[in-house]
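Combine both chains into one complex, guided by the hints.
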Amino acid sequence: MRISHLNISSSAVIRNQKIILNGKVVFESNTSGLEFLRETYEKGLRIDYPKFYKMDVLGKLGIVGAHVLLKDFDFNKYQPEEVGIVLSNRNSSLEADINYFETAKTFPSPALFVYTLPNIVIGEISIRYKFKGENAFFVSEDFDAEWLHYYVDDLFKNRKIEICICGWIESVDGRHDVCLFLIEKEQKENGLNFTPENLKEIYEQG
Amino acid sequence: MNKDELLQQLKEQIIKQLKLEGKTTADIGDHDPLFVEGLGLDSIDALELIVLLQQEYNIKLNNAEQGQEVFRSVSTMADFILERQAQHI
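Protein sequence lines correspond, in order, to chains A and B. The numbering used here applies: residue 858 is where the first sequence begins, and numbers increase by one. The numbering used here applies: residue 467 is where the second sequence begins, and numbers increase by one.
Everything labelled a hint here was simulated from the structure, so no lab data went into it. Keep in mind that a hint or two might mislead.
Where chain B lies over chain A, by a calculated footprint (3+ residues, C-beta under 8 angstroms) [stated by the list, open to error]:
(1) 905-917
(2) 966-977
Calculated lysine-lysine pairs in the DSSO-like style (CA-CA distance at most 30 angstroms, straight line) [what the hints assert, rightly or not]:
(3) 908(A) <-> 489(B)
(4) 875(A) <-> 489(B)
(5) 482(B) <-> 900(A)
(6) 489(B) <-> 987(A)
For every residue, glycine included, the Cβ atom is placed at its ideal position computed from N, Cα and C.
So here's chain B without its partners, still in its complex pose (with noise of 0.2 angstroms):
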């Protein structure tokens, strides 16, 4: 799966896991900060989306604050899959 695709896929599993009901794929930009000023998620969502990593992708965080850098928004989750991936190849 080539990163446009992980984008759109990870969009749509976001939409799904945190219940963003009104919201599409096209209402979330690659770039967008997923929380606060962006998708405005909180918390609660950030750990969902800790539970979206491991239910789809088999990844675990090491540590909180790497959580930080990778939920920043779509793209870095995505090139933070696709590294993981690369790396079990």
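Next up, chain A with everything else stripped away, as it sits in the complex (with noise of 0.2 angstroms):
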């Protein structure tokens, strides 16, 4: 096994109705789709974001996924653009697409229309907590650690970011399939070492 410098000091998994934290469960419901994440949002995590509930189903993600990741970030630590965001996903904005195109049948909603691509949810994540480091939004037909550890690497060498939120965010027909690391060059306690093998471990066993 590689051993890299960096290391993924925080997981963050939202699959079948639950919120995973570091392997742990922080909050599951019966509901699903975006009913899960609106109770979620008010009732399981106490999000305070209005803006959430004007997001399409990556955004909700982004923001439910990003508050569970950074729960012991420190935000005094890093300056706004040392913090990296690189995310990925099979079928890039298609939710969001499809409910715009309904609508562009009547009235076009620009409501609707600005999620049309899906790197809107780095957008998302980075307003709320002021982040302003490189990012980037992959898609590829299934989670890809490889590509993912390689990118995420030379942001750290050649972009000057000290710190890196990553991962997978999908939504498809009502089931989430997310899978966020941190990733950072500070050892944590219990953190993993930064390799596509444990990025890959972290993800197929949630």
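Printed below as a string of structure tokens:
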């Protein structure tokens, strides 16, 4: 196994009506789809960010996922430009595209149109936390741990980021599949070395 | 429809169209600013308000500058709608 100078200090998974932080379930519900996210926002995690209601499903997943992932994040430790975000999924912004297309038959909705790109979720996370570092969104058939590792590692080496949120963020037919990682130089207690193997293991085990 | 009825209807439509969850019509004063310090609406919301006027009242704004005046408050929106409707009687 390769050894990296970087570490996976935290992970957040949203899957099967559960929210998991570092392997431990922090919220679960019998509801699914958007209702699950609403319940998570209002009752489960008690997030206070009214713009949440206006977002598409990817935006909502990003806000919930980041809220969990950044539970112990030290916002004074990093400059906004030092925080990178690299996300990926299979279906891009398909749900938002379909919703917008439906309105376009009569009165096209500007509020839906703005979500017809997958990288908007990165913008929503960045706006909420005032992050301004390098970011990218990739579309791939499946969770590609090798590529994610390569790209994030390169950002650390060449783009002066000091910490990075990365991972997979997908929603199809109301089924959420999110796995976010916090990658940083500092070795945290119970953290794992930043390798494709560890990324894949966390993604698969949740 | 008189202005009071229109104000109430507009507030309900704004809450629904702009997905202002947790807000009720009582939270929106007739003369409260809709943007920044008032309801805190943003530029995308402004576009949604233009769509609302078209969709619900069949009214098109002639230019962007007009929007600044029309969308100052729910009251200015109601005045604009009543004025346009009167022109078409």
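Hints, verified against the model:
Counting residues of the segment 905-917 of chain A whose beta carbon lies closer than 8 angstroms to any beta carbon of chain B gives 3, which reaches the threshold of three, so the coverage claim holds. Coverage of the segment 966-977 of chain A by chain B holds [criterion: at least 3 residues with CB-CB distance below 8 angstroms; count 4]. A hinted pair counts as satisfied when its Cα atoms are at most 30 angstroms apart, and residue 908(A) with residue 489(B) qualifies at roughly 12 angstroms. Distance check on the hinted pair: residue 875(A) and residue 489(B) sit about 29 angstroms apart at the alpha-carbon level, within 30 angstroms; holds.
Straight-line distance between C-alpha atoms of residue 482(B) and residue 900(A) comes to about 22 angstroms, which keeps the hinted pair within the 30 angstroms bound. Between residue 489(B) and residue 987(A), the direct Cα distance comes to roughly 26 angstroms. Compliance with the 30 angstroms bound is thereby established for this hinted pair.
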